[in-house]
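Same order as they appear, the protein sequences are chains E and H. Everything in the first sequence is counted per the UniProt record's numbering, starting at 1 for the first residue and increasing by one. Everything in the second sequence is counted per the UniProt record's numbering, starting at 1 for the first residue and increasing by one.
Be careful, since some hints might not be right.
For identical chains, the list gives no copy identity; a pair is met inside one copy or between any two copies.
[To be verified] Only pairs whose alpha carbons sit at most 27 Å apart, straight line, appear in this in silico DSS-like list of lysine-lysine:
| # | residue 1 | residue 2 |
| --- | --- | --- |
| 1 | Lys421 | Lys358 |
| 2 | Lys106 | Lys64 |
| 3 | Lys440 | Lys159 |
| 4 | Lys440 | Lys136 |
| 5 | Lys358 | Lys476 |
| 6 | Lys136 | Lys451 |
| 7 | Lys451 | Lys159 |
| 8 | Lys155 | Lys440 |
| 9 | Lys107 | Lys159 |
| 10 | Lys503 | Lys478 |
| 11 | Lys358 | Lys136 |
| 12 | Lys503 | Lys154 |
| 13 | Lys154 | Lys440 |
| 14 | Lys292 | Lys440 |
| 15 | Lys362 | Lys508 |
These are computed hints drawn from the structure, not numbers from a lab.
Chain by chain, the residues run as shown.
2 protein chains.
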Amino acid sequence: MTTSWKDAAAKKREAISALIPAEWRIDNVPSVKEQVDVTDYIKQYLSREELGITESSADQIVEKTTSGAWSAEKVTRAFCHRAALAHQLLHCLHEVFFDAAIADAKKLDAYFAKHKEPVGPLHGLPISLKDQFHVKGVETTMGYVGWIDTFEGKKGTGKERVFESEMLRELRASGAVLYCKTSVPHTLMAGETVNNIIGYTLNPKNRNLSSGGSSGGEGALIGIRGSPVGFGTDIGGSIRVPAAFNGLYGLRPSTGRLPYEGMSNSMDGQNTVLSVVGPLGTTASSLRLVTKALLSQQPWLYDPLVHEIPWRSAEEEHIQQLLQFVGESVPKEKRLAFGIIHTDGVVTPTAPIRRAIKLVTKALEAAGHEITTWSPPSHRVLNDTGFRPWVFDGGRNVRDAFALSGEQMATQVSLYQNEMKEFTATEIAETNVAMRGLRKEYMEYWNSTAKETSTGRPVDAVISPLAPWPAAREAKYKYYGYSTWVNALDYTAVAFPVTNVDKSIDVKSSDFKPVDEKDQEIQDDYDPEIYDGAHVSLQIVGRRLQEEKILAVAEYVGKLIGK
Amino acid sequence: MTTSWKDAAAKKREAISALIPAEWRIDNVPSVKEQVDVTDYIKQYLSREELGITESSADQIVEKTTSGAWSAEKVTRAFCHRAALAHQLLHCLHEVFFDAAIADAKKLDAYFAKHKEPVGPLHGLPISLKDQFHVKGVETTMGYVGWIDTFEGKKGTGKERVFESEMLRELRASGAVLYCKTSVPHTLMAGETVNNIIGYTLNPKNRNLSSGGSSGGEGALIGIRGSPVGFGTDIGGSIRVPAAFNGLYGLRPSTGRLPYEGMSNSMDGQNTVLSVVGPLGTTASSLRLVTKALLSQQPWLYDPLVHEIPWRSAEEEHIQQLLQFVGESVPKEKRLAFGIIHTDGVVTPTAPIRRAIKLVTKALEAAGHEITTWSPPSHRVLNDTGFRPWVFDGGRNVRDAFALSGEQMATQVSLYQNEMKEFTATEIAETNVAMRGLRKEYMEYWNSTAKETSTGRPVDAVISPLAPWPAAREAKYKYYGYSTWVNALDYTAVAFPVTNVDKSIDVKSSDFKPVDEKDQEIQDDYDPEIYDGAHVSLQIVGRRLQEEKILAVAEYVGKLIGK
Chain E
1 MTTSWKDAAA KKREAISALI PAEWRIDNVP SVKEQVDVTD YIKQYLSREE LGITESSADQ
61 IVEKTTSGAW SAEKVTRAFC HRAALAHQLL HCLHEVFFDA AIADAKKLDA YFAKHKEPVG
121 PLHGLPISLK DQFHVKGVET TMGYVGWIDT FEGKKGTGKE RVFESEMLRE LRASGAVLYC
181 KTSVPHTLMA GETVNNIIGY TLNPKNRNLS SGGSSGGEGA LIGIRGSPVG FGTDIGGSIR
241 VPAAFNGLYG LRPSTGRLPY EGMSNSMDGQ NTVLSVVGPL GTTASSLRLV TKALLSQQPW
301 LYDPLVHEIP WRSAEEEHIQ QLLQFVGESV PKEKRLAFGI IHTDGVVTPT APIRRAIKLV
361 TKALEAAGHE ITTWSPPSHR VLNDTGFRPW VFDGGRNVRD AFALSGEQMA TQVSLYQNEM
421 KEFTATEIAE TNVAMRGLRK EYMEYWNSTA KETSTGRPVD AVISPLAPWP AAREAKYKYY
481 GYSTWVNALD YTAVAFPVTN VDKSIDVKSS DFKPVDEKDQ EIQDDYDPEI YDGAHVSLQI
541 VGRRLQEEKI LAVAEYVGKL IGK
Chain H
1 MTTSWKDAAA KKREAISALI PAEWRIDNVP SVKEQVDVTD YIKQYLSREE LGITESSADQ
61 IVEKTTSGAW SAEKVTRAFC HRAALAHQLL HCLHEVFFDA AIADAKKLDA YFAKHKEPVG
121 PLHGLPISLK DQFHVKGVET TMGYVGWIDT FEGKKGTGKE RVFESEMLRE LRASGAVLYC
181 KTSVPHTLMA GETVNNIIGY TLNPKNRNLS SGGSSGGEGA LIGIRGSPVG FGTDIGGSIR
241 VPAAFNGLYG LRPSTGRLPY EGMSNSMDGQ NTVLSVVGPL GTTASSLRLV TKALLSQQPW
301 LYDPLVHEIP WRSAEEEHIQ QLLQFVGESV PKEKRLAFGI IHTDGVVTPT APIRRAIKLV
361 TKALEAAGHE ITTWSPPSHR VLNDTGFRPW VFDGGRNVRD AFALSGEQMA TQVSLYQNEM
421 KEFTATEIAE TNVAMRGLRK EYMEYWNSTA KETSTGRPVD AVISPLAPWP AAREAKYKYY
481 GYSTWVNALD YTAVAFPVTN VDKSIDVKSS DFKPVDEKDQ EIQDDYDPEI YDGAHVSLQI
541 VGRRLQEEKI LAVAEYVGKL IGK
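Go ahead and model the full structure; you've got the sequences and the hints to work with.
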């Protein structure tokens, strides 16, 4: 077996490529050195019409497709083309089903022609999916060679290439077009995307860097506009990190808001810190569009873990009203209060992240909002405790998956290389109690900020880094604490783009005082020359189940800083 | 240590009794034989005014206390008196803090006198609490001798007699008066209430029978009107069973609706099937009153496990409209569809329960509603899988609690007598996946009933037994499947009273065909002579997080059958 995993991986890799039509092949794919940033480079292969379509945001697209101005087929073909090009430059696709997508798009067009109205709010909108979704007609490998030609590693289940994840029902009922599944790191437990099938997924804005992970294929594909909006999952930053690394918006909803039912996963059944599913897109309003559409399908009747909470417009309206004041000062009674995380005290953000925080703070202050320094309970303790569920089973689940083919484990997930002792029921219960205690403590801190704000209310949202740097360099993702604290608390968070690295401004600080060796090492990994041009993003964090509010805040802050 | 646990228990038992004022002592407490039913017997000790107050429901009481017609002090004193009498007849109290309650009531009266308005919607309403709540000034033993003079079994935590559970904040802010804590079976894992401190809690309507468990003190106390409404917890029926055994209404909300934060528990941190907290009371509207009051305090800002779902009046209004049609046929477009569980196929309900089901079915049909037989996925499988979390830790947590004093374990919880192997992380994860699968399967069945109803909607609610008999006889609680299936699915359920055993009607069936030996044994335990007069109750079950709707349905069905 161990002798053949390379062949099986190569075969699958070639099968993916073979699904790209000959006329969409790039003859001489430029090396990273030849072409670091490929976001403009890709445009030469696309027609003017294709560019117009693919550079529109999801909400702009549905305006056209639900009114009949653009056919679903035309839109679908344009994104299939751009996604095909993207894969050749970035290695971001696991499954390609353009034919099925075009067939679905034609059906949507026929429906529109007959009924003079769209199937639903996502009529004709192409949506990409992380390779954890099961979609009929294609398989799910999740990057494991041993999962090729199986259903989650098992043969003969009858579900192979037939079963669909619950969210596919909501998406199809809303009129969305599914056309590709995107790359993930095997195990899903990494902030970079690498596996033995498609290799390493590159960051389109700066191919020296990672596209992020674990929804790294989504990040790369949407980052290069090969998809307007897509769905990833997040147990430690896996939606927000690739969104951030690619200059996108990404929503990590709280658990129980969107349907995860019927998706493949790692360590399924670990329910101390749950993975959640959520959208990545080029605008905050794209994320609102798809989230609202999903909730209108009442997923709580189909997924036992989804709470019956429809989209609550009342929760966003008071924030949306702020949009009218962009460029001037917000009236006093409408002002918001923000907590700012400059550092979590464990690892210091690098120069471009620090600049992004200053930039956002300044914009918020200029608009009249209140800024307080966020001084919460220890993130170190929170992250250390929140990490335990990652190894409850001592790595057994992922090692079993590797054992299926005998394939090699990427260094990015070497955490699981050695067998660890499984947690006992008592140890798991102790962790659950500890986590609940930490959540309560953090909640009390948040409540206590009412005493510090002039609004009399607790802080509305927290602005935080998502990682110490704008994006990780290969095999240098050494700290997850800026994303995982949100998962530990099950808070709502939206990644949003702020700026781009400018090597002439974002120089290394000469007087940096590290917390410890690791902190120094992470600062050292930042190199302005290598990072030049990379997207710099942050996240806006809200309390549990505040998706409407935090999306509206992200949209507003984005507008304030001109994004 | 083992030689002294009896002394420690006796000392605590006497300390509870000593808190009952001399003038409220019953000189010659009648034996069970002398006085089987004590619900009328108790009245001789109460004044006319006290009777008028204590036989009012919670909603009637707050009408008087929030308008100033009754003082909080007068109401509180009346319930303290009746609770004191109840304890002597039934052994239902663990903690007595009448003095603190009267002091609190006086403060409420002073507030009212000054502001001419109530503190909140529960102004002056006495509320009893299961002995899992921490209340300042008193301790929490949860029936464990080893917990006496500790905080959850630990000494010197600084929390002893000071710390309060989160729900106390909401209750106090709403104006409720807390005055006693009620008995539980040690471990909480039984449908009868027995421990070495207070002994065995009797059923006031028929002292041959159990008051139920684990919120058995609540059931007995409210059953004899020593409390208008109280809070229990439910992981396998522990709110609904004592409600049912005592002819009360009891709400088992879904997880995440009401705050459990800061309560003591058994096997805390087991988070596959969570215990929930909910009210028991004499009317459905009492339960609505307190649930609504709690939610108005935004518990989601104080308990990290509570979802932000305020009381949703829209979810109950269409059901409440049905009340105007009681006595006549409901207009077609307003009709509901009910599923009826006659048997779960594992254990057959005894004669009075079968009669109750017929009675309710007939009333619903007469009102024009639709009745379908509920044919769900196997409850046996559901209950077997749902039981695993009860023994994830192999009984370690409860054995540790017994070991603190060396006390003897009641036969009712002998399940934990022998050390069992702890589940591993992998086994727990497998259980979680299995549970999710069973919940999804049941959900699909429920959805599928839309094809069977003429309303075109899935069944609105399910009518189910809560136990095979009206109440358990001592040490004969042999089957929990009629209550536990609801916990396994995290459904909303309300226990409601239907009728009382009539030994001349509810005879043993002569042609009973048992499923197996256990089924026969349970039928044999039913004896019309012993059960005569006992309350007979059922439960109405709704989908997850449908508290508003199911309370309204319970109120309506209660009215239909004249309760």
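Would you pick out the hints that fail for this structure and give their numbers low to high?
-> Hint check: 1, 11, 12 fail, others pass.
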